[in-house]
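Novice: Chains as they are written, first to last, in the numbering used here: chain A, 1 to 229; chain E, 1001 to 1241; chain S, 2001 to 2256.
Please keep in mind that the hints were generated in silico from the structure rather than gathered at the bench. You may find that some hints are simply not true.
Across the chosen pairs, the derived CB separations fall in these ranges [unchecked claim]: (1) S:Ala2154 with E:Ser1236: 31 to 41 Å; (2) E:Asp1132 with S:His2209: 26 to 36 Å; (3) A:Leu12 with E:Glu1215: 41 to 51 Å; (4) S:Leu2092 with A:Ala8: 15 to 25 Å; (5) S:Asp2085 with A:Val4: 23 to 33 Å.
Residues of chain S placed beyond 10 Å of chain E at every Cβ, according to the derived structure [unchecked claim]: (6) Ser2009; (7) Gly2014; (8) Phe2032; (9) Ala2039; (10) Ser2075; (11) Val2080; (12) Arg2137; (13) Gly2140; (14) Asp2151; (15) Gly2201; (16) Glu2225.
None of the values given here were measured: they were computed from a predicted structure. A virtual CB, placed ideally from N, CA and C, is assigned to each residue, including glycine.
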Amino acid sequence: MSAVRAEARTALAIARKDALAELRGRHAAVTTLFFSAVVLLLFGFALGPDSARLAAAAPGLLWLAVVFSGILAVNRLHLLETDDGALEQLALYPVARRAIYAGKALGGFAVMLVLGLVVLGAVGVLFAVDIASAWLPLLITVVLGAAGIAAVGTFYAGVTVRLRAREVMLPLLMLPVLAPLLLAAVKATAAALAGDPFGELGAWLQLLAAFDVIMLVAGAATYGYLLED
Amino acid sequence: MKTRILGFVALGTVVAATAVALFVVAPDLNQGDAQRIMYPHVASAWLAYLSFGVTAISGIGWLWKRDLRFDAVAVAGAEIGVMFTAFAIWGGMMWGRPIWGVYWQWEDPRLTTTALLLALYVGYLLFRRLTDDPERRATRAAIVGIVAAVDIPIVHFSVEWWRGLHQTATIASPDRVLDPAAPPVFVGTLLGMLGAFTIAWLYLMIRRYQLARAEVAREEAVRIERLMAARAAGPSAEVAR
Amino acid sequence: MPQTTIYVSPRSLGAPDRRPPSVRTTDLARLFAGSPALAGVSIQVEAARTIALLGPNGAGKTTLLRLLSTVIRPSYGSAVVDGLDLTRNTDLVRERVAYLSHDTGLYDDLTARENLAFAAAMYGTPDGTARVDRALRDVGLDDRAADRVRDFSAGMRKRLALGRILLGSPSLVLLDEPYAALDTEGMAIVDELLVAWREAGVSVLLASHATDRLAPLLDGRIVLERGLVAAVSGEGVGSAPPSLPGVPAPAAEVAR
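Build out the structure end to end from the sequences listed, making use of the hints.
Specialist: Here it is, written out as structure tokens:
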């Protein structure tokens, strides 16, 4: 048991360090939030001005905005490790590799959660969607979606951080893998907003949860190898 | 020699299965002759999945044994897999045009699944090209392959779910050939096609693997040669004890 | 013997003659892009020794240090650190080895204290806060503890990286050019660290050009050239030629 506690402490220390570095002046979180707002505005321009059509498309637009902004967010969390060979040093500590992954994914989850909630609110305002009526299932959907994007994104950001063509490789690798999450999150959001007329909300949330668990396990099992040189 | 025989067997069975699919089995009552393309389409799709499984498992093999031959199998699986996936998509589109009137139909989630599979494969192959060092490349490719392979069942499952929830009973379903109530001659033709394609797949895999392994062996020979040359040349100074 | 007040965490190491060699490599080789940076190095370093790694640029000193520190994997050959196989017991080796590389691996946006506090959390250093303060004092950075590393000079960063090593409890310390970029005070701190490690029975393998300065602190020297051992001298260190096709190499012999 104490080995698990030690790993948890390691993960928390890494998450805390990332949070400290982010707050200190990289301003990444704020930039990413503004980016997601810009994306939503562009969706409005591209698909509007018919508000009925936008309201119908709102679940999809919400999650597209979150996923695209999420790519930036997870990328920045690993960019921090390019400071003077910090990633190499991180790999040298006598800590479990999966604890390093967990720490980075935890930080990613925190960012994605905030991002998801802000975008949810923005979508409610911009596309005239009533989120208050279904706030609980929407909250659960955002939590599960954020966890999945963090799990997958942390892994691929780690894989691509040392590569050339990193900016294009990260989305190219990440997005196809996120397709089931996108599907489930959008369907769950739409079902929640409509009052779950077909009783499918539970199924989609279960799918999201399963995706999260599977991807977290896969990421934790393989992250150590990308720290090798 | 054995591989060459396998190649001929593959060619023979594929031709035979194609002949059966084209001329022997009856056309579908509703879809007509267009339904025939389902035989190679479905067979290709299954082999596309199989190839990715092979890539992922050989990735695990590399991480475990650190033998570059595993990586040779992995790259063979990915390249052959891309071929079969592309063919499956093409088949799906060729079927779609006469049946639906369009090349792509979002209501057939299977096409989407196969397209995602293609995206995963292509991403994997492009990713491989970014690393030159063979061992680093093998390690990085292995983990990307494993995570992608883990994703595939989730994609398949979620898409089945999606389709199940939006089931529109249609005669124009591509899966009639998979329906357990289908006439045995349909099923038999499909299994025959699958068998033929699998032999062809095996042949292609072996050839591609041989190519990759030869390259691995060649690079290894160069490395050893340089290493031994450096040792034989010695440091420039006198070795003192 | 020069005195020092630097606190080196006491990992109970035992008497040197009872410990396995700190380093024993057999035909250790590493290639980059097909060309050998280290062609075949067989050396042995006894416990509790301070050994200098010498040689011209490109000789393979950095590569050897990076291999032993587990940053990179060997292409061929094997190595045993403190009785542990390098590739089979990598995580155990990591617990025992500390490495100072050319890059410092520090986070620019964090303060000196925060960087060390993070390292202490990673090492699981007991009594972390006090040890961090002590380490900052020992490397002479306690007056800059609350400043961000972004504002530090190269010399100060290196000192902080050395302070980070003090937070672990290594039995083998690997230093790549520890004196580079340091002023007189910084170099004196490195001297004190070497003394402290020697007193604690910690083995040190350092690549450096500052041979005159190091002379009173060294037990032995290894000279590398073109990825091979060119010469070995002193106590507690030995080498053997690499094996060639058809010629198996003898094991490294150590002069005592």
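Novice: Now tell me if each hint is right for this structure.
Specialist: Now the hints, each set against the structure:
no., hint, result
1, S:Ala2154 with E:Ser1236: 31 to 41 Å, "32 Å, holds"
2, E:Asp1132 with S:His2209: 26 to 36 Å, "32 Å, holds"
3, A:Leu12 with E:Glu1215: 41 to 51 Å, "46 Å, holds"
4, S:Leu2092 with A:Ala8: 15 to 25 Å, "21 Å, holds"
5, S:Asp2085 with A:Val4: 23 to 33 Å, "27 Å, holds"
6, Ser2009, "33 Å, holds"
7, Gly2014, "29 Å, holds"
8, Phe2032, "7 Å, violated"
9, Ala2039, "4 Å, violated"
10, Ser2075, "7 Å, violated"
11, Val2080, "18 Å, holds"
12, Arg2137, "41 Å, holds"
13, Gly2140, "38 Å, holds"
14, Asp2151, "35 Å, holds"
15, Gly2201, "27 Å, holds"
16, Glu2225, "4 Å, violated"
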